[in-house]
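Model the full structure from these sequences, guided by the hints.
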Amino acid sequence: MSGDRPTVAPEPRRNADGTTSVLTLDAGIVRMTCPTWCFVEHGYSVPPAKAEITHRSEPVWALADTPEHGPTSLVEVGLVQWPYSDRDAVFLGVETDDGFLEVGPTGAHRIATALRDQAHHIDLMAGHLVNLRAGEGQ
1 MSGDRPTVAP
11 EPRRNADGTT
21 SVLTLDAGIV
31 RMTCPTWCFV
41 EHGYSVPPAK
51 AEITHRSEPV
61 WALADTPEHG
71 PTSLVEVGLV
81 QWPYSDRDAV
91 FLGVETDDGF
101 LEVGPTGAHR
111 IATALRDQAH
121 HIDLMAGHLV
131 NLRAGEGQ
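The numbering of the sequence shown is this note's numbering, which starts it at 1 and goes up by one.
The set of hints was computed from the structure by calculation and includes no laboratory data.
There could be a bad hint or two in this list.
Said to hold, decoys possible - Straight-line Cα separation of at most 20 Å, EDC-like style, residue types lysine to aspartate or glutamate; simulated pairs:
(1) 50 / 88
(2) 50 / 26
(3) 50 / 86
Right, here's the structure in full:
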């Protein structure tokens with residue numbers, strides 16, 4: 001039998017008082033109040049170590065529906081926090097080709113700027129495509 005643990009966390013169970021209890025490997029049951037934005041996951045492994053307890057907001061995807069490929073997702077963002085770790089600040093989690101990145105406000109603004117710049121470039125290229133395709137009929 002494998003010693004691997006599952007990597008999908010179940011939805012948190014809310015207690016009658018609004019707190020959430022998470023069974024951990026090293027600290028037993030940890031009872032906590034979740035931030036209002038906390039959606040479901042409290043660990044990447046089940047059960048997590050206490051320092052791995054994770055608050056996550058519901059992920060929001062940038063979606064595009066193209067005639068050629070239909071709906072496709074481009075980038076996922078959401079809030080993430082490890083309240084019992086040495087990195088207990090809230091971060092913006094961004095799914096990228098480099099993996100899942102956690103960034104603070106400055107990084108989040110830089111990512112937003114890069115996405116706006118890329119959107120502008122895509123609009124310019126779309127205009128270029130219109131011109132190129134118009135010339136194909138000649």
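Against the structure, the hints come out as follows:
no.	hint	in the structure
1	50 / 88	holds, 12 Å
2	50 / 26	holds, 6 Å
3	50 / 86	holds, 11 Å
Of the numbered hints stated above, none is contradicted by the structure.
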